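We have chain A; now place chain B onto it with these hints.
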Amino acid sequence: MAHISASVYTSHVPAIGAALDLGKTAEPYWQPVFQGYEFSKQWLRDHTPDVIFLVFNDHATAFSLDMIPTFAIGTAAEFTPADEGWGPRPVPKVIGHPELAAHIAQSVIQDDFDLTIVNKMDVDHGLTVPLSLMCGQPQAWPCPVIPFAVNVVQYPVPSGRRCYMLGQAIRKAVESYDEPLNVQIWGTGGMSHQLQGPRAGLINKEFDKAFLDRLIADPEGLAAMPHIDYVREAGSEGIELVMWLIARGAMSDVNGGKPPTVRHRFYHVPASNTAVGHLILENN
Amino acid sequence: MPLDKPYMDVPGTTIFDADMSRLGYHLNQFCMSLMKVENRARFKANERAYLDEWPMSEEQKKAVLARDLNRCIELGGNIYFLAKVGATDGKSFQQMAGSMTGMTEEQYRDMMVKGGRSVEGNRYVGEKK
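Chains as they are written, first to last, in our numbering: chain A, 2 to 285; chain B, 702 to 830.
Derived by calculation from the structure, the hints in this document are not laboratory data.
Note that the structure is predicted; figures quoted are calculated from it, not measured.
Among the clues, some could well be false.
With a straight-line Cα cutoff of 25 Å, these simulated DSS-like cross-link-like pairs (lysine-lysine) come out [claimed, not checked]: (1) Lys815(B) <-> Lys206(A); (2) Lys815(B) <-> Lys25(A); (3) Lys210(A) <-> Lys762(B).
Chain A extracted, bound-state conformation (with noise of 0.2 Å):
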């Protein structure tokens, strides 16, 4: 049966992918930045998955206002890096997992989530961005990608509690499949941001260090935490938070097993408007 072995955490600044495409990387304002998935980006070619499913959030890219599903799952063989108004990122295209993104559809919807099925669907940098921060600058990437797109900019958005039973839901789903698969969850977006108004450029470090605690010890406490909050301390693109929920969902100590080890933890500010934030858990 498959199973998930890790789930990894990190934000998704647009900004990010820019200096790596532009080969900024080395310069002092990014260098602490990917300093930081150093280690990550070693951890993940020593802990290759077979397929990773990955939780993001479409940025009016493959989703205008025409529809706003609340959660999408890519059923498709292959997806491309969007045009997101400064060209497409020089990335690999990315390959699905057709065979478990429909398993798991099939499964979680019967749980009572109903998902969107997406068949044709272009990433943007939600998804390409945390690929690019784990794996660097490879020629394909590493394994098949189930992307997951969460609704987080028409408010309101899913409640963290809602994400979090919805990781549940994955999981169970992951260990009904036959193949033999190893997957693991990552949660993308975040932390404190603000890019809209007189406020924008809010972060609070407190915030997001505390979430990052509690993502970790709590997470069931965590869940319980209101929209509100999110906007009013970690500003109102902070909201895309809820998405690590998912991920951490999924992880076994939920369901009654051992808590995950702490593998890896960072943060950093700032990336453009933004506070990184990453974490990798183990599943024991």
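Chain B in isolation, oriented as in the chain A frame:
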């Protein structure tokens, strides 16, 4: 019964909810059209003519022409959509975000390097700083 909107008292912040989305539908869809390279070229060649192809309000068109992002947001624009206009102009997200704060590009960048805008005094409208 009106919906509960507990986010109305967060200073300098507009939450893009269903009401704002309805107000800004055509404005945001115009922005979306700029994801195509040929549309970016047509918009750059004659901004007003391109905007006139969209059933947007005059206020929305003027706000786009002035690149007044705060006004665009007030009129239903969402930053991820408005970012397509910024991208067409060759602006980064940091330049766009900074333009809404009343700070110069350099002041905003310096603030971010020093750890960003503090949440202290910025949680509630009318809160003492």
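Outcome of the hint check:
Using a Cα cut-off of 25 Å, the hinted pair Lys815(B) and Lys206(A) holds, with the two alpha carbons roughly 12 Å apart. For the hint linking Lys815(B) to Lys25(A), the alpha-carbon distance of about 20 Å falls within 25 Å, and the restraint holds. This hinted pair does not check out: Lys210(A) and Lys762(B) have alpha carbons roughly 42 Å apart, beyond 25 Å.
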